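Residue numbers (our numbering): 219 to 705.
Take the hints with a grain of salt, since some may be wrong.
DSS-like, lysine-lysine: derived pairs with alpha carbons at most 25 Å apart [stated by the list, open to error]:
1. Lys462 with Lys343
2. Lys478 with Lys441
3. Lys364 with Lys282
4. Lys380 with Lys343
5. Lys364 with Lys273
6. Lys282 with Lys380
For the record, the hints were derived by calculation from the structure and aren't laboratory data. What you are looking at is a predicted structure, and each value in this text was computed from that prediction instead of being measured.
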Amino acid sequence: PWEAFSSDGATFTWCNLIPGDYMVEEKEAGELWTETVPPGAMAVSPGQTAEATVKNTYVPGCLKVTKDIVLGDVVNPEAVVIPTFYIRITGPSYPEGSPWEAFGSDGAWYTWCNLIPGDYMVEEKEAGELWTESVPAGAVAVSPGKTAEAMVTNTYVPGCLKVTKDVVLGDVVNPGAVTIPTFYIRIKGPSYPEGSPWEAFSSDGATYTWCNLIPGDYMVEEKEAGELWTETVPVGAVAVSPGKMAEATVTNTYVPGCLKVTKDVVLGDVVNPGAVTIPTFYIRIKGPSYPEGSPWEEFKANGATYTWCNLIPGDYMVEEQDAGIFWTETVPAEPIAVPAGGLACATVTNTYVPPEIETAWARMIDDPDDRTYLFPGHQWFTYLVVSPTDMPQTFYLYAAQTVRVGTVDIWHEDGFLRIEINMDAGYAMMDSKVHVRTSLEEYPSPVPWAPGQYDETGGTSFAIAWDPTWDGIPLYIAVHGNVCGDF
């Protein structure tokens with residue numbers, strides 16, 4: 219019968235045996251044990267006790283763990299610091315866990331041997347937020363006499379940095395005319411110690427995201443955009459965290475300019491200057507912010523100023539409305555350059571022109587040397603000879619004998635003889651007189667230009683009721699007045 223042996227050193231003696239040769243056998247104890255019985259028969263002699271030993275040797279197993287380090291697409295992987303990872307196993311041989319073993323590089327391995335076969339959990343110490351750990355999801359089975367294998371993977375966790383462009387035009391006039399340039403931004407930090415390639419930002423709100431960055435501090439830099447723009451980048455480094463998106467904004471603010479215009483009123487040597495009425499002068503500018511011209515601004519006194527601000531830098535013309543015949547205007551002959559962030563200045567000078575007053579007469583022809591005076595006995599009293607059938611007609615107004623100062627239009631309309639005086643630039647009609655006759659007979663005293671001898675006085679537009687007796691006959695029309703201007 220089979221006898222049981224339950225411990226090392228246990229014995230059993232078979233007695234009362236017929237002397238002779240006996241084979242010692244042991245039942246298969248399973249894969250955990252090897253059996254060693256006497257290789258041949260044991261000789262049992264009469265009256266003696268033969269002895270034999272059956273040896274059972276335990277068969278342990280091994281567990282080999284290999285380290286797998288995955289950096290993925292991280293930028294500048296050579297700069298990644300590989301830490302020392304620590305791994306242990308827990309199972310029959312190490313119910314409380316084996317000592318921690320160090321793994322310092324990709325492909326590093328360690329083998330635990332002489333393990334009681336069975337299930338072992340593989341554990342790794344937390345490697346920090348820069349790494350994810352992937353250990354076998356379940357227990358690893360260690361078999362007798364064999365080496366089980368497992369892999370522990372650590373994957374690097376990079377971060378991202380998103381930069382947004384903020385373009386600020388502020389209160390600049392005519393912002394639609396501002397040209398937004400292409401701005402160039404880069405980052406500098408662990409993944410880009412010398413700086414990343416420059417990225418283009420062409421509009422307000424444009425973004426760019428740098429990913430697969432080694433976590434750490436990154437400086438944001440922008441190329442100089444020129445004098446028209448200020449650049450505001452983050453004042454310190456931007457911290458990029460593992461697995462997260464850091465954000466930063468780069469602001470470019472437009473730098474407008476200003477143009478200040480000063481009014482210079484020059485009275486010169488005029489007698490009794492206090493009696494000169496200074497009019498309101500109107501000035502505007504024309505340039506990038508005001509391509510059609512700014513609103514007209516009032517300048518009411520000598521030394522008055524007005525400043526146009528928030529202007530797109532560039533060239534601006536200064537213009538002034540005509541102030542009338544008593545003033546000359548002197549504006550800058552060339553455009554005024556308005557600089558970014560600066561103040562350009564200009565002066566507009568108005569010089570008083572004391573009036574000269576001369577007597578003016580309408581003449582038949584546009585000729586300063588004409589001396590066809592049609593009224594007998596009066597050298598300067600000139601009539602126009604006008605036939606109703608030739609109307610409308612235009613005649614010429616001369617003063618100071620030889621200076622043309624305007625024209626006179628004469629026509630018949632709606633039962634009226636209409637006379638319109640049109641003054642040339644630089645001249646003004648102070649008072650006017652119109653007389654109509656049908657013959658050139660000598661007037662009795664007083665002479666025709668004496669008070670009361672004119673049909674109409676004052677103004678530059680006349681409507682005289684048409685006399686039916688005028689139909690078909692020439693009319694003799696005198697147009698006379700006192701004209702103010704520079705003669």
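Each hint tested on the structure:
1. For the proposed pair Lys462 and Lys343, the alpha carbon gap of about 23 Å is at most 25 Å, so the pair holds.
2. Between the alpha carbons of Lys478 and Lys441 the distance comes to roughly 32 Å, so the proposed pair goes past 25 Å and is violated.
3. Taken as a hint, the Lys364 and Lys282 pair is honoured in the structure, with Cα atoms around 10 Å apart against an allowance of 25 Å.
4. Distance check on the hinted pair: Lys380 and Lys343 sit about 32 Å apart at the alpha-carbon level, beyond 25 Å; violated.
5. Only pairs whose Cα atoms come within 25 Å are accepted, and Lys364 paired with Lys273 is accepted, the gap being roughly 21 Å.
6. Our distance criterion of 25 Å between C-alpha atoms is broken by Lys282 and Lys380, whose separation comes to about 43 Å.
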